[in-house]
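Student: Sequence:
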Amino acid sequence: MRTRSNSGVRLDYYQRIVHKLILDHQQPVTGLFPASRHNDHAWIRDNLYCILAVWGLSMAFKKIADQDEDRAKTYELEQSCVKLMRGLLMAMMQQKDKVEKFKTTQHPLDSLHAKYSSITGGTVVKDDDWGHLQIDAISLYLLILAQMTASGLQIVFSLDEVAFIQNLVFYIESAYCTPDYGIWERGDKTNHGLPELNASSIGMAKAALEAMNELDLFGARGGPSSIIHVLADEAQKCQAVLQSMLPRESNSKELDSGLLSIISYPAFAVDDPQLIAKTRDTIVSKMQGKYGCKRFLRDGHKTPREDPNRLYYEPWELRMFEKIECEWPLFFCYLILDYFFQGDKDHVSEYMQKLESIMIRGDDTIKLVPELYSVPADRADAEQREPGSQERIPLGRCPFIWGQSLYILGKLLQEGFLAVGELDPLNRRLCSEKKPDVVVQIVILAEDKEIRDKLMEYDLHVQTISEVAPIEVQPARVLSHLYTYLGRNKKLGLSGRKSRDVGILSTSKLYSLNDRIFAFTPQFSDMKRFYIASDYELMIDMLKSEINFLKSSWQNLLGRPLVVLTLNQMYLDQGKIPMAMITTMKKLKSGYINGTRVTLGNLGDFLSTSAITNLSFLGSQEDGYPDKLNPQVQSYLEEHLLKSFSNKFAFLPRPAGARNAKVLRRKMSVRGAIKKTRSINVDSETLGMEGEYFGPHSEKKSSWLEVENQLGRSPSPEEAKKRITKGTSTTTLLTTPTIEITKEESPPPPKEEKNKNVGVRNRTASESQTLYAEQETDELIAVLRETESLDEQGDILQYLVDTHGLDFDTGMIENGKHVTVKDLLKALYEKACTQKLWGLVRHTAGMLGKRVEDLAKAVTDLLVRQKQITVGMPPNNEHTITAPLPENELRQLIHLAYGDDESTAMLTQELLVYLAMFIRTEPQLFLEMLRLRVGLIIQVMATELSRTLSCNGEEASEHLLNLSPFEMKNLLYHILSGKEFAINSAARGGNFSIVSNKSNRYTKKSQIILEGKSLHADAEEAPIAEPDRQGQWLRRRRLDGALNRVPRDFYPKVWGVLEKCQGLVIQGKVLQQNLTQEMTSGELKFALAVETVLNSIPQPEYRQLVVEALMVLTLVVEYNAVQDFGGTITVEDLVHRANEIFLEDQMNCNGDATLCCAKAGRSDALVCGGAGGVCQLLYDSAPSGSYGTMTYLARAVSLLLPPDRPLECAVC
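Residue numbering for the sequence shown follows my numbering, beginning at 1 and increasing consecutively.
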């Protein structure tokens, strides 16, 4: 234990250093620090790091303040911190209009400035003269504000300032999808002013959001009005994106030493200890030198080869900075603090020794941290030849106050004046510690007593919504609306929260408002949002995913998560609760579901264990009545709460004489309008060749669907019996009319009703070409009013929209209002949702211009995880999405891509939502995939159905569009995972279900399994194909090609090939060698350049063979078989040469190809029609083995090599 005098003397020494190096430069009016004596610009980030040493010293003095002099020093140092933080706050508040605008636009020119005048606090450069958008700087301000406030400093003085800080939280909320200029203010490393998504900015924003949540800015003196609110989902989005990016910094920077600030002090933004270690180790191994760490690879700043007269570099110049990048001692300071927080004293001593050996002694023998060390110009070549061999010289500012401040913190920790917990009063350092398992609380509420009683039959005791009073249960959209009032301030002109997204973390809390308590149902269960919420199977699947998500994402939140679900009439099937729901509820009741601990109970039981957030911001603070509810909120709650769960649908009225108009119906048969809009292209010549014919013939049944049902539910069995007497298809009415598989000997439907099936509207060409031109509009409307077929209604409305538009007045009057075509479409959409006619649902949703409410969020979730998206059908109509877009623009782009095909446009939106779900919950499915081509995925899904069902392409497209949302998601999962699947059809319901092939009898090929009463054989007796592997590799290549999946480390290896040749030619496009000058091997920009060229190949299986050919070339480079390939390499020539060698071998050994492409005397055209002029049998060959594709490609590549360098031992 030190004596008082020793401690005091040593702290006085550090106070003199802090005053001399830092506080002497603080401007007395604004409290800001200028960059230097000759530059009065004050950077937000640099100022914040400068003040950390002052704050640390103030806490050190506070601990030994047993004399008035020490207490005075403590107060003086604390007030210097407050002065700086308030100076920055005043500078930013002068730009409050920018904060308001940026919440909507996220445009770089609308951002807060990155630097201000240290003399006046005003702006110093124009909006477009600097890369001002630096989210990490604003986030760092909020983080340090939170930490200082938690340590006892009073920085914020008024509720207006609280409102501004709340809006700064909104400013950084979208960090996970907002490209910025980053910690080094340059964006793309060429410094051309191109912002990009930076992991360091996202990490700092995540830390700030978590630190500010529920923080009282007035400290111990505050109340409900001074608390900052953060929706937990916003921080979670940053967390997910950050984890997907690390250790990468951005598209152009594969690594950045600035990441040290987010994996450790001050942000502690990463929860995964392994990812923290991986990022740190990668930085140390690739960036560390004798004098510090490089900022990033090929950083030209202050290197001898940089042109000081230019702000930017040409892309091809970057290569000349390799291995001579400047080294920054600053990063030794970060590593010292990192190891202090880990408690690793050995590494602390090691790095402190390294740092002090390169520090420069100034006046009074004070050790100074220089900005950077550069290689002298005359030694640059030698350094490049042998990195680390040359002495470097210090350049830039000395002392570099950012680094000096962190060094002083390190010394205070080393000498025991500070403990790590004092630098982190919010305990952020503990976020990576292992936490106990999360228990998810589940409450199921019945819409009414009828449903409650039905559940009681299965020993499931639930309450109705009315029985949980006084707790009020509402959908997530109500919570979303209430949060728009957060942060509003008339004096500052701030409008509050703009985002309307409310995630599962936010709805898994309870909320108090005055004396009321609210519970909110999850956003995914809101049926008013999109039709997929009408599919109970999908809802069950999404519930399981969300419970799993809560298990992993609730670790650092208070209380237990609470999921409230309502069961309403929409989910009933023939008036009964579906067994899938009952089974799921019983699993929940057991206490475990999919490995997550759950507890099922009543809402009142969970009040004491759930997190409760006070919605105090809904008071009338600005009017002087903080305890009185805002009048606007009051009126909203009164008007909207009662309507939240109403699900009443309007139906088309049927005139009294409709039943007597059958002659008119026959005369005016109108069909095919919807089907003509289809654009899914499945090549019937190549489809179905891979699989044999396994099941009975698919006969399309008729479907006459009534519209009398006023309750918005499927008809009861009694109602169904009455309707069957009219000649209706029993199966279609009894349950979901999706796709019927029946036996050939089933009796044909009545002639009048033939081919009116909604599930698969498979009509003859003549019927499809029925012209409406001669039909009078009023006659069509008469047919529309009296027809019982929703299918026919859809066709008529499609024609009316095409000819008259959505706002055409039909002449009908309902409730005193004129009915437009749009009104009728809405009614048809709601009926189709109720009766689960998914093909019609998708089409009418598209015609109505509906969009997935989460569409922009889904697309953003994919993009920020470094996946690009294309929509539209390849090869000629694909539109690429590379940056987040607003909801309306996305929808317009998708509909532009598909033209009049509303069904496929809606399917695209649906698939984007499912892809986003998968990338959040199972990111491993997307490994080695950079671009998701949704149009191609749709075609492959139809191809798979065609292969599995042994039907033609048109039928497969119809089957696809009529799959329920749950089965669509299931099919997509099997496509992504590459798993073999079977089609399971229950003849009683006519439902298709996609099931994994787990049984040995089904592992070789996908089968159609037919079950039910209409078949005498059970599934085990279904026809089984021979256990061969025919079609397996062709299918695999087609799937991988459609998904743009490549082997691990493919792109860095292609970079290595490019170094050895002049270029690679694919489909007439050239990958130039100079790409290696512009980009490093691990750079995402390089991978995207290669991907773009590969995507010019339209056939997915042909693309995969090209990828395999490239892999063989990488093996040649890896094994040093050649020093240089010479000129350009045309990769497709290698594939075609391999094909020729394959056919020669086939002829020699009388293989299968002699039946098609290897026939003696064949013409040049391939008999089997394989993609790209390559035999189908080569596509269907395994990669390995003496007759494998890699062997043939290796033999083709060997022709490129000198004759004295054989390849067999290295590759084959």
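I should point out that these hints are in silico values taken from the structure, not numbers from a laboratory.
Since we're looking at a predicted model, the values are computed, not measured.
Any given hint might turn out to be false.
[As the list claims (entries may be wrong)] The calculated DSS-like cross-link candidates involving lysine-lysine, where the alpha carbons are at most 25 Å apart (straight line), are: (1) LYS98 - LYS83; (2) LYS587 - LYS491; (3) LYS83 - LYS278; (4) LYS278 - LYS63; (5) LYS302 - LYS345; (6) LYS850 - LYS817.
[Claimed, not checked] Simulated DEER-style distance windows between Cβ atoms: (7) ASP900 - LEU194: 44 to 50 Å; (8) TYR1187 - GLU1118: 22 to 28 Å; (9) ARG379 - GLU415: 18 to 24 Å.
Glycine is no exception: its CB is placed at the ideal position from the N, C-alpha and C atoms.
Student: Confirm or reject each hint.
Tutor: Here is what the structure says about each hint:
1. Restraint check for LYS98 and LYS83: satisfied, since their Cα atoms lie roughly 23 Å apart, inside the 25 Å limit.
2. This hinted pair does not check out: LYS587 and LYS491 have alpha carbons roughly 54 Å apart, beyond 25 Å.
3. At roughly 39 Å between alpha-carbon atoms, LYS83 and LYS278 are farther apart than 25 Å, so this suggested pair is violated.
4. With a CA separation close to 37 Å, the supplied pair LYS278 and LYS63 exceeds the 25 Å bound.
5. Under the criterion of a C-alpha separation no larger than 25 Å, the hint pairing LYS302 with LYS345 is inconsistent with the structure, at around 34 Å.
6. Under the criterion of a C-alpha separation no larger than 25 Å, the hint pairing LYS850 with LYS817 is consistent with the structure, at around 23 Å.
7. For ASP900 and LEU194, the hinted distance range of 44 to 50 Å is not satisfied, since their beta carbons lie about 37 Å from each other.
8. Distance hint check for TYR1187 and GLU1118: the Cβ-Cβ separation is about 24 Å, which falls inside the suggested range of 22 to 28 Å.
9. In this structure, ARG379 and GLU415 break the distance hint of 18 to 24 Å, their C-beta atoms being roughly 38 Å apart.
When each numbered hint is compared with the structure, violations occur for hints 2, 3, 4, 5, 7, 9.
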